[in-house]
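Asks: In case you want the letters, here they are:
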Amino acid sequence: MAKLYNNSLRFLYSFTKIHFMKKILFPVLSLSTAIFLLGISGCKPKNAGDATGADAAARVYVSPGKYDELYNFVSGGFSGQVSVYGIPSGRLLRVIPVFSVDPEKGWGYSEETKPMLNTSHGEVPWDDQHHLDLSQTNGEIDGRWLFANANNTPRVARIDLKTFRTAEIIEIPNSAGNHSSPFITENTEYVVAGTRFSIPMDNENGDVPIDSYKKNFKGTISFISVAPTNGEMKLAFQLLLPGMDFDLSHSGKGPSSGWFFFSCYNSEQAHSLLEVNASKRDKDFILAVNWKKAEEYIKQGKGKKQVVKYAHNRLDETTHSATSVIETETTVIDVKDFPDIVYMIPCPKSPHGCDVDPTGEYIVGSGKLAALIPVFAFSKIQQAITNKTFDGDYEGIPVIKYEAALYGEVKKPGLGPLHTEFDGKGNAYTTFFISSEIVKWSIKDLKVLDRQPTYYSPGHLCIPGGDSKKPYGKYLIAYNKITKDRYLPTGPELAQAAQLFDISGDKMKLLSDYPSIGEPHYAQAAPAELISKNSLKIFKLEDNKNPYVTMGEKQSKVVRDGNKIHVYMTAIRSHFSPDNIEGVRLGDEVYFHLTNLEQDWDVPHGFAVKGNNNAELLVMPGETQTLKWVPERTGNFPIYCTDFCSALHQEMQGYVRVSAKGSTVPISFSLGKNSDTLDSAIKK
Amino acid sequence: MHMKYLAGSFSIVAIALIISCNQGSGMKDENASASATAPAGGQENVKDSDSQKDVVKVAMSSKDHTTLVAALKQAGLVTSLSNAGPFTVFAPTNDAFNKLPAGTVDGLMKDDKKDDLQNILQYHVFMSALKPESFADGQTLGMVNGDNVMVSVKDGKIMLNSSATIITSVPASNGIIYVIDGVLLPPAKK
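If you read the sequences in order, they're chains A and B. Just so you know, we're using my numbering here: the first sequence kicks off at 1 and counts up by one. Just so you know, we're using my numbering here: the second sequence kicks off at 1001 and counts up by one.
Don't read these hints as lab results, they were simulated from the structure. Remember, predicted model here, so these are calculated numbers, not experimental data. Some hints here could point you the wrong way.
Stated by the list, open to error - Partner residues aside, some chain A positions facing chain B, computed with beta carbon under 7 Å:
#, residue
1, 66
2, 67
3, 481
4, 482
5, 533
6, 574
7, 599
8, 600
9, 604
10, 647
11, 648
12, 655
Stated by the list, open to error - Here's a subset of chain B near chain A, in silico, CB distances under 7 Å, partners left out:
#, residue
13, 1036
14, 1037
15, 1041
16, 1050
17, 1084
18, 1115
19, 1173
Said to hold, decoys possible - Computed footprint of chain A on chain B; a stretch qualifies when at least three of its residues, placed anywhere within it, have a C-beta under 8 Å from a C-beta of chain A:
#, segment
20, 1066 to 1079
21, 1123 to 1129
Cβ atoms here follow ideal geometry from the backbone N, Cα and C, with glycine treated the same way.
Take these sequences, add in the hints, and give me the full structure.
Replies: Here you go:
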């Protein structure tokens, strides 16, 4: 092991040396060229790190009123949310709350959305959102849904692209660190979820010594089915696997349709100091999973039912309300008992990215610590399986001989390969964390064609449609992990940097860089038209089935039910009805059920109460949302609209009077009724 | 060293810079990508067949209000009235305009009378969406042009300035329209 370490150090050293030489030599050799180039691109800012072409500004400039060419959905990492950008401008269009509460939109604070964040552990108000996958039909992006994973408390979310809202969240039992997720099959039949952390299974006694890892800790890969009509998710089955770390995955397509590929590391089965102990073996694995076969076994009833506990949360489109149901059953297949479901392919040095090219024939594994990129061929994998060209097994799973599965290796591509995407023209693009660059290489002959630095140290990259059968190509966005001096400093914490490249030519051209939200990992992008044409403008009031809807001002009222007070309230430019409420007493729980009566695009109304230990509501036209308030003192409490809705927005306000416990002030409510003196004054 | 070398060839480089900058300043939006575009102009041009109609669109869809709509266009008030509001718009019918002395409307539609036209039309708009039950006898409404309209309510009939009667009301997304049978004329400027 020490020897291997030395080898890689030596490699790193020689690599740095080459770079150093280049840096010294370049200015001397190419001074004349530099002067010539200055003539062409003389208007560039004098920034040594500026490698953009002269037309970069025009390429990313989307003039006022024009729309971006693409939607770009970017995972939020530790923000737990998903952000939406326009490409090529890099303009932030929206942040969609998914796994984290968002007081701005009342997400996780309104009574209607609270159930969305429920889990078998109770409400979890945050998560770590790593990867996204757009739904596909026939291996092509169809613009219906966006899937998102939660890495910490394992969950998968489905975002409806009509509303850009999280419509469903399903928790994954028998799992921890849902990292290799939410990648989908070619027709969105399934979303997968593989464990990063192996753990004792949920139906077993988990209170075991950590060092009994090899014996008690298992990994699972879950297949969540997606209903083709409405997208509803269901935990279909789980594959039980030896304990290790499952990292990333991508679906087969075309010839490899019906298969799924997962990278895994820590085949050493270490449970401490993994940075050393999980890097011992020369090779870990790419797992090839024949999910069609597994599906068959499930249909034949060969799966084992297990009692588990996981939450399944749905946001109903007509009630605008979420429900959370705790499910209690899963079906598990132990792959040891079914040797034709899963095969292991040795892959050098802790593979991370596991990416399938648009033809479906080539599977690229990126070993984080490897000095090469292995490319496996699906046809060779099939041949090896048929001929049983195995190299023993790993805990009962056949291991295909490396050479038998290998199409070839990209030699010395860079340092620290992480992820690969494709342009649909036979080229692959891989990010290199350590050498901080993107490398373009040819799938056919595995030759490096171009390399461009990124600032600094990219993780994932995104080519629009780059993991589908039909990449849109044209652009590449690198999501960098280190920002340092790229923007004006903002103290110790800096926004992470995205960098947009033009990949339409032979050489990649850096166009722009811009800050992002949270920590982007994987991202997806699709032509705007695919999504914009379905975008909803308003919720139809007549379809509102919220049990607390108020269909018009005349129906607004305040009802006491024990110590619960239900305020059936409406909002329309520029008032609430009612806006004066009395009769609330200490000890009461007040529920403001606010219906936005507007039927006009982009006219939300907000709602807030002074001193409420809660967030605000932001209610879309035609929607009803509920804010709970438990007053803790007597007095008069202002309420007001928080979203500048109209010219008289600042007039959109009122009061709630809170009296002492046992007070005899009756429930009363009104709108527009002022004192008699004021009313007569107004008339005059 | 690099910098010094460059400084030596400064004049040549400077010329190159000037040339290239001139070329650069004519930068076009050659981004083929940004194909779809929001329509130019104000909110009246937003393509939206899902939302409820605003006061302008309601007026435009009425065959009894062609004069009013033409006047709103001539006065350049369409954009403002397509805004969030909320507005109460008193909308005289074509017949109401016809009751004005002959030539009045034609006169007001002339470009040099734009200020007068705006003044009259803004005298028909009140900020805030007044519901029918909000009108009270003796009420004063401060209109957008800065002058007041007097409300009288008699036998369920709502009259404005004793010269126009509310015929009916039509709700709109950004307010409410009251169809009236007379044109309200603002007091002469002092």
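Asks: With reference to the structure, classify each hint as holding or not holding.
Replies: Structure-based check of each hint:
The closest approach between the C-beta of residue 66/A and any C-beta of chain B is roughly 4 Å, which is under the 7 Å cut-off, so the hint is satisfied. The interface hint given for residue 67/A holds, since its Cβ lies 4 Å from the closest Cβ of chain B, which is under the 7 Å cut-off. Given hint, residue 481/A at the interface with chain B, is violated; its Cβ is 28 Å from that chain's nearest Cβ, farther than 7 Å. The restraint placing residue 482/A at the interface with chain B is violated, with a minimum CB-CB distance near 27 Å, outside the 7 Å limit.
For residue 533/A, the interface hint is violated, since its Cβ never comes within 7 Å of a Cβ in chain B; the closest pair sits about 10 Å apart. The restraint placing residue 574/A at the interface with chain B holds, with a minimum CB-CB distance near 6 Å, inside the 7 Å limit. The restraint placing residue 599/A at the interface with chain B holds, with a minimum CB-CB distance near 4 Å, inside the 7 Å limit. Here the hint on residue 600/A is kept, as its CB sits about 4 Å from the closest CB of chain B, short of 7 Å.
Interface restraint check for residue 604/A: the shortest CB-CB distance to chain B comes to about 11 Å, outside 7 Å, so the restraint is violated. A hinted interface residue such as residue 647/A counts as satisfied when its beta carbon comes closer than 7 Å to some beta carbon of chain B; here the least separation is about 6 Å, so the hint holds. This hint holds: residue 648/A has a C-beta 6 Å from the nearest C-beta of chain B, less than the 7 Å allowed. For residue 655/A, the interface hint is violated, since its Cβ never comes within 7 Å of a Cβ in chain B; the closest pair sits about 19 Å apart.
At about 4 Å, the closest approach between the beta carbon of residue 1036/B and any beta carbon in chain A falls short of 7 Å, and the interface hint on this residue holds. Taking 7 Å as the C-beta contact cut-off toward chain A, the hint placing residue 1037/B at the interface holds, the least distance being around 5 Å. Against a cut-off of 7 Å between C-beta atoms, the interface hint on residue 1041/B is violated, since the closest Cβ of chain A lies about 10 Å away. Contact between residue 1050/B and chain A, as hinted, is supported at the beta carbon level, the nearest pair being about 4 Å apart and thus within 7 Å.
Of the supplied interface hints, the one on residue 1084/B holds, with its beta-carbon coming within about 4 Å of a beta-carbon of chain A, less than 7 Å. Interface hint status for residue 1115/B: violated, as the beta-carbon distance to the closest one in chain A is roughly 22 Å, over 7 Å. With 7 Å as the threshold, the beta carbon of residue 1173/B comes within range of chain A, its nearest partner Cβ sitting at about 4 Å, so the hint holds. Coverage of a stretch by a chain is defined here by at least three residues with a beta carbon nearer than 8 Å to that chain's beta carbons; for the segment 1066 to 1079 of chain B and chain A the count is 0, and the condition is violated.
Look at the segment 1123 to 1129 of chain B against chain A: 3 of its residues bring a Cβ nearer than 8 Å to a Cβ of that chain, three or more, so the hint holds.
Of the hints listed earlier, those the structure fails to meet are numbers 3, 4, 5, 9, 12, 15, 18, 20, in rising order.
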